[in-house]
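**Student:** Dock chain B against chain A, hints included.
Those protein sequences? They're chains A and B, same order as listed. Just so we're aligned: 248 in the working numbering is position 248 of the first sequence, and the numbers increase by one with no gaps anywhere. Just so we're aligned: 142 in the working numbering is position 142 of the second sequence, and the numbers increase by one with no gaps anywhere.
Bear in mind the hints are in silico, worked out from the structure with no lab data behind them. It is possible that some hints are incorrect.
As the list claims (entries may be wrong) - Here are the simulated EDC-like pairs of lysine to aspartate or glutamate, each with C-alpha atoms no more than 16 Å apart in a straight line:
| hint | chain 1 | residue 1 | chain 2 | residue 2 |
| --- | --- | --- | --- | --- |
| 1 | B | Lys-214 | B | Glu-234 |
| 2 | A | Lys-334 | B | Glu-91 |
| 3 | B | Lys-74 | A | Asp-230 |
| 4 | B | Lys-74 | A | Glu-231 |
| 5 | B | Lys-74 | B | Glu-158 |
| 6 | B | Lys-181 | B | Asp-199 |
As the list claims (entries may be wrong) - Sample of chain A residues lacking proximity to chain B, with all beta carbon distances greater than 12 Å (derived):
| hint | residue |
| --- | --- |
| 7 | Ala-32 |
| 8 | His-40 |
| 9 | Trp-67 |
| 10 | Pro-70 |
| 11 | Ala-141 |
| 12 | Ile-166 |
| 13 | Ala-178 |
| 14 | Ala-191 |
| 15 | Arg-203 |
Small disclaimer: the values here were computed from a predicted structure and weren't measured. Beta carbons are placed, not taken as given, at the ideal position from N, Cα and C, and that holds for glycine.
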Amino acid sequence: MNAVVLRAGSRSVRIERRTLLISLSLAGVALALAFLGLSHGPSWSAPSEVFAALAGHGDSALVIREWRLPRVAAALVFGAALGLAGAIFQNLTRNPLGSPDIIGLDAGAYTGALVAITLLNGTSAQLATSSVLGGLLTAAAIYLLSLDSGLSGLRLVVIGIAMNAILTAVNSWIVLRAELDVAIAATGWSAGSLNGVDWDEVRLPFLVIGVLALLLVTLSQAMHQAALGDELAVTSGVGLGRLRLLIVLVGVGCTATVTAVAGPIVFIALAAPQIGRRLAGAAGVPLVPAALTGAVLLTAADLIAQLLLAPVALPVGVVTTAIGGCYLIWLLFKEVRRPWQRA
Amino acid sequence: MAARLTAQDITLGYGERVVSEHVNLDVPDGAFTAIVGANACGKSTLLRSFVRLLRPSAGTVGFDGRDVNGYRPKAIARQIGFLPQGLVAPENIVVRRLVARGRYPHQSMLSTWSAENERAVQEAMAAAGVAELAERSVEELSGGQRQRVWVAMVLAQETPYLLLDEPTTFLDITHQYQLLKLFARLRDEGRTIIAVLHDINQACRFADHVVAMKAGRVVAEGAPADIVDAELIEEVFDLPCVVVPDPVTGTPMVVPTA
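The shape of chain B in the complex, shown without the other chains:
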């Protein structure tokens, strides 16, 4: 199957420091892809290149055969949405208004509001489970609620591609699973999800496709059951372990031995 979003032989870095060289990746359409790897292995950097936050110094990130940097900003923002880490909401903003900011690429200068926008915002808030918080100020929400509000904001962007940089960090385990289930449901509805995840067991449980990275290179990619074994985890995370079937889902589960 032809992938719409691809990295073709890209080199990524910040200034003089090269993080990744000659990376190739075809993002499977309509699937949940998890990018995993140790800290500072270049997984967030790779994700940022997909959403034009980092321009490759060589190679191309392509969408539908065209360089993502060659699109008009709003046109590509209607295709690919991104949830970064460490977001700070504008002061004094209520949930509904923040979620509505996700509609930006669908609005023109002279028409900032429409029934279509209203519907998209309502649906996004319902999907992320924040509809009952609509009129609350974002500042007074808990960390878990706030993260779901940000998710609702990117959902309101209604992009077929949704990229997430460690979306579950700083959430308790219940909220982590709620969020991952939401992404799986969005995948079932036809969206393509690409998430950087820290927890390899969660990645195996929810993702269709796992991309394992080490020192800026993609060392393995494929269905979790096909690629995740003790040897790979030892190589990627430098952690001696055994891999057993998850007692609930049967997906690979990493249990450290040391």
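Just chain A, same shape as in the assembly:
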């Protein structure tokens, strides 16, 4: 058998062997990249120095634990959150293009954040709340506009792409109208950046993402069942209305929480679930490989962003856009050469 059954008492879960191996490997790669991230500074720290600092000893303890660690942790957690959000929406739309960054949810969350910093005081609580609201309003608008065809399919993706274009224009307009200092801050942030992230900024987002991920665990089986199509989902016992509402909330929550802290980091949500799926050779769009691939991609991208023009640190979004562009070309090339099997 090429599957492993994990048991704990009367509980048992069946996992494909390849999915398990790939997941463990991805986790290993993510941790290795995170370690590199902790070592990187104006000069590279020795591994022993990093371990000592993590344990709270040595001269670099402050730099590594208080400056580099929150950034590296943010790259891991936010990457995973974006991977999950992408997997959720790609499952929901049954389309590899149906990810939150493509259908305008990042842009909508960013609109919310921009409103918070230009019209309100821009405290982190306001930023988080208005990002989530922006994302939810965008999701609601896309949903209402594509109601004729239900919540799935190409129509929703196309409407989302249009929504993304509109919101990107709105965001530019807000920035142009803003005070100069606000506009400069917003522009640096608009590419999506982890520069200067500290523990105070990430504590609450980490907690929120953790809670959303736990909620998603309870929904994942139903979500994969729903990938069989609406009819079979309903007749095999999925409460489809409630499921959709909850997973949209989780997906928007993950996207908006990341956007509130780091700005709209695009392409991770698009690419990670599909790369994870192909690596794992699994059916549908599995969640764990998506999250781990997201963590690997964002951590690697952030490292590249810091190294490329060192000592100038680029916004990580610049690098994810470059990686994402390559991925899109590859995906389109592959899709074009494949005869269309689906209606």
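**Tutor:** Using the frame of chain A, we list chain B on its own:
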């Protein structure tokens, strides 16, 4: 005999458009019921109301005396299974994994696999004749094989009631008969089968109970030999014909005259 699955004075439609009004139907327990009628006569719509895909705007679809929409989703899904038309499998899925999806209403969040599931999946694949395809990818199968895989998936759901929407469409005649024989065998084993069928002769040959529909109404129901005659076919399908005994089974056989 009291029927467990019933439609009581239901009205069905999509939005403003009413398809069926005041339909009453008691599905005979343990029998093979075929619903027949011309295109767009409301037969699939009626079937969809039985499996909660369409809520009647009036009246009730009842199971064991309770509204089917009042059950917990998984509880009713352990009683009534459904095979829709035009299914698309998730990418890259192998047959065994797809058939295992039929076990969903029997699984809990924390226990997604058990020996019981393994047995049900194995039996379903054997019954549908796809056991030797277990490790193949669904995408690379032929149309006939793929349809049998979907049938195996609903069989794995192990529901006493099995509803099928035109299960033989797009299959060649050999595969059509194989599938119908499988449903008849499941009926013999005690399951209740309700299928929308296009071919009236196949319905007469395999079904115990035929429900003939026209323009959203049930115009006749009963054993094929009792109700299927030239007059009924003329009324339901608007087709002049003679009805003769099937040379093999003796059931009614429709032969068009025009």
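**Student:** Against the structure shown, which of the earlier numbered hints fail to hold, in ascending order?
**Tutor:** none
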